[in-house]
Amino acid sequence: MLKDTIFENGIDCAFDTTRNNETFIFSGNQCVKTTAPQSTNARLLSGPMLITAMFPTLIGTGFENGIESSTRSINNDTTINLFKGDELVVFDMYSNSLVDRMKISAHYRAFVGTVFESGIDAAFNTHVKDEVIVFKGQYYAHYNIRTNQFLNGYIKRIHDYWPALHGILQ
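Per our numbering, numbering through the sequence shown is continuous, rising by one, with the last residue being 299.
In case anyone wonders, no lab produced these hints; they're calculated from the structure. Hints are not guaranteed to be accurate.
[Said to hold, decoys possible] Dumping the calculated DSS-like pairs for lysine-lysine here, alpha-carbon to alpha-carbon at most 25 Å:
id	residue 1	residue 2
1	232	258
2	162	132
3	285	258
4	232	285
[As the list claims (entries may be wrong)] Per label pair, the in silico range of CB-to-CB distance:
id	residue 1	residue 2	range
5	287	148	18 to 26 Å
6	231	257	22 to 30 Å
7	203	246	15 to 23 Å
All figures in this text were calculated on a predicted structure; none of them were measured in a lab. No residue lacks a Cβ here, since even glycine has one placed at the ideal position from N, Cα and C.
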């Protein structure tokens, strides 16, 4: 499906939606919309195209040149938190509107003074509502986005707490 495209060389970020099993995938300034990849009927719905062609509301935000990571926001059904550098935008994927834009540290006060204040390399929502795992360099944190609290302790080294990754991490 993505053979011979920019996506063949790597994916920067992706998120799924609760509508029609859609998944958005980003690489550089490009994006695609697909049906959920685990489906036997997975297909490309839109793209590859410039992020701004699919999400014109991101023009002029810096996010039109690439998105580093994403999580679902507290309103899991409609809004996504997109991260790039030390910034975050709250984006309503169904209305294609920008809800808010701010520094990561303004939205996640517990990240002030931590490695995550300057950016989030990767992130995902866990199967537990309002919980995310965020990664930056060699560190990760398990975090509740509703209560703004770290879970299971503070920021930890990935190597120390993810033994399955020892073979690929230093």
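The hints, checked one at a time:
no., hint, verdict
1, 232 x 258, "holds, 23 Å"
2, 162 x 132, "holds, 15 Å"
3, 285 x 258, "holds, 22 Å"
4, 232 x 285, "holds, 22 Å"
5, 287 x 148: 18 to 26 Å, "violated, 32 Å"
6, 231 x 257: 22 to 30 Å, "holds, 25 Å"
7, 203 x 246: 15 to 23 Å, "holds, 20 Å"
Checked against the numbered hints above, the structure breaks only hint 5 and satisfies the rest.
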